[in-house]
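Participant: Chain residues, written in single-letter form:
Protein chains: 2
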Amino acid sequence: MRLTEMDKTALAEQKEQWEEKYNGFKAKGLSLNMARGKPAPEQLDLSRDMLDILNSKSDLIGEDDIDYRNYGLLSGIPEAKKLFCKMIGVSQDQIVVCGNASLNIMYDIISTAYAKGICGEKPWCRYEKVKFLCPVPGYDRHFAICESFGIEMINIPTDENGPDMDMVEKLVSEDETIKGIWCVPQYSNPTGIVYSDETVKRFAALKPKAADFRIFWDNAYCIHHLVDSPKPVMNIMDECSKNGNEDIVYILGSTSKVTFPGAGVAVLGASRKNLDYLLKVMGIRTIGYDKINQLRHVRYFGTFENILEHMKKHKAIIRPKFDVVLDMLDKEIDPLGIGTWTKPDGGYFVSFDSLPGCASRIVALCKEAGVTLTGAGAAFPYKKDPEDKNIRIAPTYPSVDELKTAMEIFCIAVKLASAEKLMNE
Amino acid sequence: MRLTEMDKTALAEQKEQWEEKYNGFKAKGLSLNMARGKPAPEQLDLSRDMLDILNSKSDLIGEDDIDYRNYGLLSGIPEAKKLFCKMIGVSQDQIVVCGNASLNIMYDIISTAYAKGICGEKPWCRYEKVKFLCPVPGYDRHFAICESFGIEMINIPTDENGPDMDMVEKLVSEDETIKGIWCVPQYSNPTGIVYSDETVKRFAALKPKAADFRIFWDNAYCIHHLVDSPKPVMNIMDECSKNGNEDIVYILGSTSKVTFPGAGVAVLGASRKNLDYLLKVMGIRTIGYDKINQLRHVRYFGTFENILEHMKKHKAIIRPKFDVVLDMLDKEIDPLGIGTWTKPDGGYFVSFDSLPGCASRIVALCKEAGVTLTGAGAAFPYKKDPEDKNIRIAPTYPSVDELKTAMEIFCIAVKLASAEKLMNE
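If you read the sequences in order, they're chains G and V.
Each residue of the first sequence is one higher than the last, beginning at 1 in the numbering used here.
Each residue of the second sequence is one higher than the last, beginning at 426 in the numbering used here.
For the record, the hints were derived by calculation from the structure and aren't laboratory data.
A couple of the hints might just be wrong.
[What the hints assert, rightly or not] Derived Cβ-Cβ restraints for the label pairs, each shown as a range:
| hint | chain 1 | residue 1 | chain 2 | residue 2 | range |
| --- | --- | --- | --- | --- | --- |
| 1 | V | I486 | G | S229 | 32 to 42 Å |
| 2 | G | E425 | V | I486 | 42 to 52 Å |
| 3 | G | N55 | V | P745 | 21 to 31 Å |
| 4 | G | K312 | V | D826 | 51 to 61 Å |
| 5 | V | E577 | G | G117 | 17 to 27 Å |
| 6 | V | D489 | G | K313 | 20 to 30 Å |
[To be verified] Within a straight-line C-alpha distance of at most 20 Å, the following computed EDC-like cross-link-like pairs (lysine to aspartate or glutamate) qualify:
| hint | chain 1 | residue 1 | chain 2 | residue 2 |
| --- | --- | --- | --- | --- |
| 7 | V | K482 | G | D52 |
| 8 | V | K792 | V | E827 |
| 9 | V | K547 | G | E128 |
| 10 | G | K209 | G | D140 |
| 11 | G | K421 | G | D7 |
| 12 | V | K846 | V | E757 |
| 13 | V | K705 | G | D52 |
| 14 | G | K57 | V | E827 |
| 15 | V | K554 | G | D52 |
| 16 | V | K482 | G | E42 |
| 17 | V | K482 | G | D49 |
| 18 | V | K482 | G | D45 |
| 19 | G | K26 | G | E402 |
| 20 | V | K705 | G | E42 |
Remember, it's a predicted structure, so these values are computed and weren't measured experimentally.
Beta carbons: idealized from backbone N, C-alpha and C, even for Gly.
Assemble the whole structure, with the sequences as input and the hints as a guide.
Facilitator: What follows is the structure, given as structure tokens:
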């Protein structure tokens, strides 16, 4: 029976049973974490052998006869460009291979735009206010960058095809102070949305009022599939090229969740004009990134096809964890009608929507019972979920057994919070 | 006979002979490089075994039971803090272990100060103009950072004890828009100066008008000795502490020239107040630095004493190269009285001063004959050497034989340029 249809007496009775069960969990003093999109230790083991690839006997001279142990090659080693340009769908001269974090690349681009401007345009710090469009729910760390620079964030609703493109097109064509939009086109964080062809085409055809408007195309999960035949996403750079609009997009990717978070390789794909400008700034910031680690990745994988094979091993480990989450929600929450959630084909998250006004309470109840979730509202700019209903579930890090327990607690927390809400209505 | 004392006829004759010799070199079509402070391949070989230290069998769980292959530990792994705090002379809680480049740390601090301010002070971008003090000659990449942010640079003369502290004290106490000073206290780039105790004490006692004035204490060469008993430099953090002035200094160091440039580890030493503030910004910029590479360094060296032993091997390789440069200058240039130069006890450079107005011509003559030097003026803000006399010689990268040839060409270029100048007087 749907909880919303229950009368208050039945609801109170039901709530009492759930409380008892909840208190039982609480008494166990558990400590489980579903907060961040962290690979599990078994996933990290998949790349263990990468540490054998380079040793004291290795030839560390690159294909251009450059010693990769020494300074130089600001834009990355050519071998890594060849390998990773396929991952993010650009040509070899449209990629820069950087350090260990694509977040760092995005931060640095915005920091550069703020202090120095983009490709000759006015630095953002010289504006009274600049704005970013933020499809919601979205990635908290994107929003944190904007917030830290005082960039005003405008929520853009999303549906199963991606952001509301009518709204995006209208806003960027009217307002010169709108300078960017955050996109996770494949398996959006946290919703798992895969942008439709039409969405990609409309992005590639955007005609913003601001010459320095950029799409931050954070393709963090482009090879992180949870299904055998993933729906492809159109190549944004190709579409932009058709429109002579290559300068509008920065494409980001990394191996953080392919090999080792923190010891992976991050890449930036962009037009030559964009890269040439950014490389000038990069050349002041650093003499070069870690070429030995770039080479380690190249020698380990060899080909992009091997990276895709490697990703299947990740899938084998994490797919069952997503199944635990989805099965439990189907069984426990669906019949009661007190939540909806996404069933992603890839990425690292399940996005759960409770009854409006319940998310903070659910997260708090979980916390009290030893289950850490991403803070309610985290997937929204300024951490403000207008309906207080979205919760990001990250199933990858805990073991299947831990996850089962964590999800039991999660479900009972959802039930309790929903009953509390309905009784107070 | 000193060239300045020669009459014009003798000078013309002499010049003709030198021209002939110079043209002989030019005809050889050489390609030699003394431009950058790059380690030689033999120096890189010294750290080859570091690549064997971590392999697929390694335990990558840190002392706090944290898996170093995964996300986390923004401020660096504790093992690396313990090891490297000794290198830069701070306590374990006064260090952050970062990525591969101390230049990047310095850039990021200034970028943060520019956009967001330092420890609650007004962001520098909100000033009409901010200024930095630049002891000259100095490190070109320091100056490039300032220039890129539009920070006005003020030249500070240096002598064998370091920067002119009377001038530094006067300026910082009077002008609130002076926000920092670049210091390479041990074996300054390019002069090799070692700051005297009095200089360090006066830095540590500075009372600047600006609350966000900081000393950028770039101790890049603190363990890069060329002599057996190097003159120690006073510990700036200790001196600052005595004055309750710990917040005034950022201390930088790295293993770029200890292990591998580009694949080393860079560190920042600072007061807790400074670090807490910067870590907040860092936490938005990145999830964490490369902990595996930090661990690789820790396991390879084990103790700071072992790092010092390792540095003796570097000295054995590069000391003879410095000797080639110094011997050649002694033999070829000293008798003619057409130049002075430093005889450093460490670091990566010999700083050569020609007769005023000759440096650009010497660099051009070398270039034409196939020897690349750092551009004349590079060691000064805006690349403007007011006397056009300073040239930075970087002897480490070429082999001893290449260096001999390069220095022959350098000396003949100095002679030619000097003769040209004297004949036109």
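Participant: Does each hint fit the structure? Answer for all of them.
Facilitator: Hints, verified against the model:
Range check, I486/V to S229/G: Cβ separation about 38 Å, and the 32 to 42 Å hint holds. Here the CB-CB span from E425/G to I486/V is close to 50 Å, well matched to the stated 42 to 52 Å. About 30 Å separates the C-beta atoms of N55/G and P745/V, a value consistent with the hinted range of 21 to 31 Å. The hint said 51 to 61 Å for the Cβ distance between K312/G and D826/V, and at roughly 53 Å that hint holds.
Distance hint check for E577/V and G117/G: the Cβ-Cβ separation is about 19 Å, which falls inside the suggested range of 17 to 27 Å. About 29 Å separates the C-beta atoms of D489/V and K313/G, a value consistent with the hinted range of 20 to 30 Å. A threshold of 20 Å between alpha carbons decides the hint, and for K482/V with D52/G the separation of about 9 Å falls inside it, so the pair holds. Distance restraint check for K792/V and E827/V: the Cα-Cα separation of roughly 15 Å lies within the 20 Å cut-off, and the hinted pair is therefore satisfied.
For the hint pairing K547/V with E128/G, the CA-to-CA distance comes to about 16 Å; that is within 20 Å, so the pair holds. With a CA separation close to 27 Å, the supplied pair K209/G and D140/G exceeds the 20 Å bound. Among the hinted pairs, K421/G with D7/G is consistent with the structure: their alpha-carbon atoms are about 13 Å apart, no more than 20 Å. With a CA separation close to 18 Å, the supplied pair K846/V and E757/V stays within the 20 Å bound.
For the given pair, K705/V sits about 35 Å from D52/G by alpha-carbon distance, which is inconsistent with the 20 Å threshold. For a cut-off of 20 Å, the pair hint linking K57/G to E827/V is broken: about 27 Å separates their Cα positions. Between K554/V and D52/G the alpha-carbon distance is near 52 Å, which puts this suggested pair outside the 20 Å criterion. At most 20 Å may separate the alpha-carbon atoms for a hinted pair to count; K482/V and E42/G meet this at roughly 14 Å.
Among the hinted pairs, K482/V with D49/G is consistent with the structure: their alpha-carbon atoms are about 9 Å apart, no more than 20 Å. A C-alpha spacing of about 10 Å is found between K482/V and D45/G, which places the hinted pair at or below 20 Å, so the restraint holds. A distance of roughly 15 Å separates the Cα atoms of K26/G and E402/G; the hinted pair therefore holds under the 20 Å criterion. About 31 Å separates the Cα atoms of K705/V and E42/G, which puts this hinted pair outside 20 Å; it is violated.
Violated hints, listed in ascending order, are 10, 13, 14, 15, 20; each of the other numbered hints is respected by the structure.
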